[in-house]
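Residue numbers (the UniProt record's numbering), protein chains in the order written: chain H, 1 to 251; chain A, 1 to 235; chain R, 1 to 237.
Worth flagging that the hints you see were computed from the coordinates, not collected in a lab.
Predicted, not measured: the structure shown is a model, and the values here were computed from it.
Among the clues, some could well be false.
[Said to hold, decoys possible] Below 30 angstroms or equal to it, Euclidean Cα-Cα: the simulated DSBU-like pairs (lysine-lysine) are:
| # | chain 1 | residue 1 | chain 2 | residue 2 |
| --- | --- | --- | --- | --- |
| 1 | R | LYS131 | H | LYS72 |
| 2 | H | LYS110 | R | LYS131 |
| 3 | H | LYS110 | H | LYS132 |
| 4 | H | LYS26 | H | LYS68 |
| 5 | A | LYS51 | R | LYS227 |
| 6 | R | LYS223 | A | LYS55 |
| 7 | H | LYS121 | R | LYS131 |
| 8 | R | LYS223 | A | LYS51 |
| 9 | H | LYS126 | R | LYS131 |
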Amino acid sequence: MLEITNIHKSFGNNEILKGVDLQIDKGDVVVILGPSGSGKTTLLRCINFLEKADQGHAIFGDIDVNLKTASKKQIHEIRQKVAFVFQNYNLFNNKTALENVTEGLIIGRKVSKDEANEIGKKALDKVGLAEKYNAYPSELSGGQQQRVGIARAVALNPDIILFDEPTSALDPELVGEVLTVMRNIANEGTTMLVVTHEMSFAKDVANRVIFMDAGVVVEEGTPKDIFVNPKEERTKKFLKRVLPEDYIFYI
Amino acid sequence: MEKYFDVTYIAESVPLLLPFLKVTFLVAGLSVLFGTLLGFILAAMKTGNSKIAKKIAYGYTTILRCTPSIVLLFLTYYGIPSIAGNFGINLNDVDKIVFVVITFSLQFAAAMSEVIRTAYESIDKGQFEAAVSVGLSNAQAYRRIIFPQAFVVALPNFGNSLLELMKEGALAYTIGLIDIMGKAELIIGANYNTHALEIYLALAVVYWILSIVIEQLFLKLEKMFSKGKQVIKTT
Amino acid sequence: MSEGLNYQFLVDTFFVALSGVPIALLITIVALLIALPLGFLLALTRINRIPVLNRFAQIYVSFVRGTPVIIQIFIIYSSVPLLLASIFEKYNINMNVYDVNPIWYAFIVFSLNTTAILIEVFRSALSTVSKGQLEAAYSVGLTNVQAFRRIIIPQTLVVALPNICTATVNLIKATSLGYAMSLQEITLRAKVAANVGYNYVEAYIDIFLVYLILCSLVEYIFKLYEKRLRRYKAVNA
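Sequences are here, hints too, so could you generate the full structure?
Spelled out as structure tokens, the structure:
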């Protein structure tokens, strides 16, 4: 459903992505792990054209596009198929929770207002914010804001949702509610590509885990492959650093 | 209206205009001096406990903010001698520059009272409490701890207010003060109102350069003082 | 001058000064209508560092902010007629430059002036709206224009509103310099009335009152509007 080949991206002299390939099928929940600066976030942003890749190719369903030279029209079409959940939520500050969710539907997709409101309310109900339709982002906690961010993505009924470290900006006690929501929508069969540091989420929810370092995919496989039997030295090192010593016994 | 545009008039008028910058500077300097003093008093009223004083100070600022400089200038110029006349004091021979300085001091005070108030309020209350807790007197705490910090905050706004003052000061020519603007009017008059455009352009260039110099100066000052702040931090 | 105030004149002239309000307001509104969009666009060129326009806007702002308004008025008022005259001559238009209503010069001067002020206002306001807002708008499928119209501009306006208010008040005050273009606004009308009997103190009190009322009203309206726009920030405040 989504296939990306040989994506390159540099900022100045700093090459962040050095030829990454990625393939995602319908219903996949793919988690990308890796140390900070490994290019995970940049990869996600390039897929949604928030950054323009220097080189690379993508196939989104029936759209076949060069990531560097994509036309405005192609970018717009792809963004209609791909939703994004931001690390800092990026809720529209001047819109209520419900308006945040319906904005893309009404304006971007020309869905009627009534229909959009219905979809929007359903999406907010799903993330447990039925009480907060008319709250502005400034009136919501970080966890609630991120749940609106997820509802905003879900409401668009996209082919895939990209999550860019959705819990990193949250206080520890708020991480759980967001992860629960993500688990629920994953269980509904939503295709997801998730950059995160939450190992438990990767282990329990993902059907595929990708380990990236220094701009390349080092290793990929099932959670079991990666967590229990990592083959590459760099993967082992990373896991040793981020997981508790006796983690292996929990699995 | 004259037909020809002659660049040489611009070059020739600049040396004639420059000596009169002295008057412009004098007006600005005195207005800054008196205006800042009055501004301090108003800021103290605004941040103090007296409700009446607060109302007066804020009312003053609002009124001054709503009054065009030229209107204030003429109100002072005609109004003060008229009021004084009612008490039998003749102020008709007082130099015009006095009224100009009064006008712009009043105006500058309104701006400065806000600059000082916001700078003062931007300083964390804990700073004062800490100063007192280590044994400084109230006055010492203000002088040694609050004032130096507030000064850095106020600096850019002070610079902006000064620029405004310089520009608004150009209106003093309307009551006949011969500063740089007044001199320009004299030159134009002497040319029988021809080549006014060239003289005004020369004047604009002088003001523009002056503004840029003042702006740069304040940027330098700001940098200097915030550098000092960092040094204090690291030692 | 020491016989005290002429109250009859004070009252009469108040209404003379008041009759100049429509002109002052017309100039203010026209200048804002031109300066708001133009200032916003040029602020965007500054923020996005569009090569030539950015530089142009920078110099333009520096000049307007670095020179007195009265000199800007004199420059426009003595240069535009020269330009017009040569245009009329060239195209054989049978029209006298002196017949041009001075309000047109006022429109030009105050639009140009306010545009420069608003470039700076919008530039600092735009820099407070995070890039993430634009990215989020793109990510839900909004086009560039839609994102600006629905997300970026409303947020920028709220931040910019207090400064737009200040700019508007300053603009109204600056129309008092219209006398230099023989514009029949508040100050000139009252002054002319005063010329007859040298009732300058009364005239300037009237002018002062009219500006005070006008500017206070404008500030009040802006405050109301700001409150409405600011709802989404209520909790933060």
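Hint check:
1. Restraint check for LYS131 (chain R) and LYS72 (chain H): satisfied, since their Cα atoms lie roughly 19 angstroms apart, inside the 30 angstroms limit.
2. As the CA atoms of LYS110 (chain H) and LYS131 (chain R) are separated by approximately 25 angstroms, the hinted pair is consistent with the 30 angstroms bound.
3. Between the alpha carbons of LYS110 (chain H) and LYS132 (chain H) the distance comes to roughly 24 angstroms, so the proposed pair stays at or under 30 angstroms and holds.
4. Only pairs whose Cα atoms come within 30 angstroms are accepted, and LYS26 (chain H) paired with LYS68 (chain H) is accepted, the gap being roughly 25 angstroms.
5. For the proposed pair LYS51 (chain A) and LYS227 (chain R), the alpha carbon gap of about 25 angstroms is at most 30 angstroms, so the pair holds.
6. Distance restraint check for LYS223 (chain R) and LYS55 (chain A): the Cα-Cα separation of roughly 19 angstroms lies within the 30 angstroms cut-off, and the hinted pair is therefore satisfied.
7. Our distance criterion of 30 angstroms between C-alpha atoms is met by LYS121 (chain H) and LYS131 (chain R), whose separation comes to about 27 angstroms.
8. For the given pair, LYS223 (chain R) sits about 23 angstroms from LYS51 (chain A) by alpha-carbon distance, which is consistent with the 30 angstroms threshold.
9. As the CA atoms of LYS126 (chain H) and LYS131 (chain R) are separated by approximately 28 angstroms, the hinted pair is consistent with the 30 angstroms bound.
When each numbered hint is compared with the structure, no violation occurs for any of them.
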